[in-house]
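S.K.: Take the sequences, apply the hints, and build the full model.
Under UniProt numbering, think of the first position of the sequence shown as 1, with each following residue one higher.
Hints are supplied without guarantee of correctness; some may be wrong.
Derived BS3-like pairs (lysine-lysine); straight-line CA-CA distance at most 25 Å [to be verified]:
{"no.": "1", "residue 1": "K19", "residue 2": "K29"}
{"no.": "2", "residue 1": "K19", "residue 2": "K30"}
{"no.": "3", "residue 1": "K95", "residue 2": "K135"}
{"no.": "4", "residue 1": "K95", "residue 2": "K142"}
{"no.": "5", "residue 1": "K147", "residue 2": "K135"}
{"no.": "6", "residue 1": "K142", "residue 2": "K155"}
Hint data in this document are derived by calculation from the structure and do not stem from the laboratory.
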Amino acid sequence: MGASQSTRRVTFDNDTEIKLSSSVVDRLKKGVQQGDKENEEPTEQTQNTSEQVRHTTKGPPLPKTRFLSFPYITSHQIQEEIERELSANNDYWEKRIASLIESQEQMNCILQEEYMKTIEELEDSMPRVPPVGGKLPCQPDKASVIKCYKMNPGKPLMCAGEVAAFTDCMTNMRIRLQQEGKLS
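M.R.: See below:
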């Protein structure tokens, strides 16, 4: 495969004729004749030199060496290239992560400012007013729930009865205030 020339020929019919002047034809003929003379002389010289080389070389024939057009790549060079690529990749991602962290911090600052503004607006629109009598509802039940949680740390289900009593007290108080019109 590839050692012999192909016997197939492709021909194209050219409908447009190419007209050459006689001067162009003369120049082409002169160029071909000069090329033939030049080609003949070097072949004789190369034959003489090849005969001289044959006579001067004695001993075992030298092995034919093939020189490739591309350089060899060693494993060390491959490893260095991989390390350069990894270093570049690490640098890229470090910069990317740093920029993401910075943008996240900016977003958190903006959200914190908006949150504080909202709290201030709510406090301005709905001020806290202490109850008229100065007494908060269901304080004894609240105290019993706190006392139960302190006595039973890590066991919140032991205080279920106290929590239910406090919840009932708060529900009853809310219903009563709604009936009186003090709570909407």
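S.K.: Now tell me, hint by hint, if it's right for this structure.
M.R.: Each hint tested on the structure:
1. Between the alpha carbons of K19 and K29 the distance comes to roughly 16 Å, so the proposed pair stays at or under 25 Å and holds.
2. Taken as a hint, the K19 and K30 pair is honoured in the structure, with Cα atoms around 19 Å apart against an allowance of 25 Å.
3. The straight-line distance between the Cα atoms of K95 and K135 is roughly 59 Å, outside the 25 Å bound, and the hint therefore fails.
4. Straight-line distance between C-alpha atoms of K95 and K142 comes to about 54 Å, which puts the hinted pair past the 25 Å bound.
5. Among the hinted pairs, K147 with K135 is consistent with the structure: their alpha-carbon atoms are about 20 Å apart, no more than 25 Å.
6. At roughly 18 Å between alpha-carbon atoms, K142 and K155 fall within 25 Å of each other, so this suggested pair holds.
Hint violations for this structure: numbers 3 and 4, all remaining hints satisfied.
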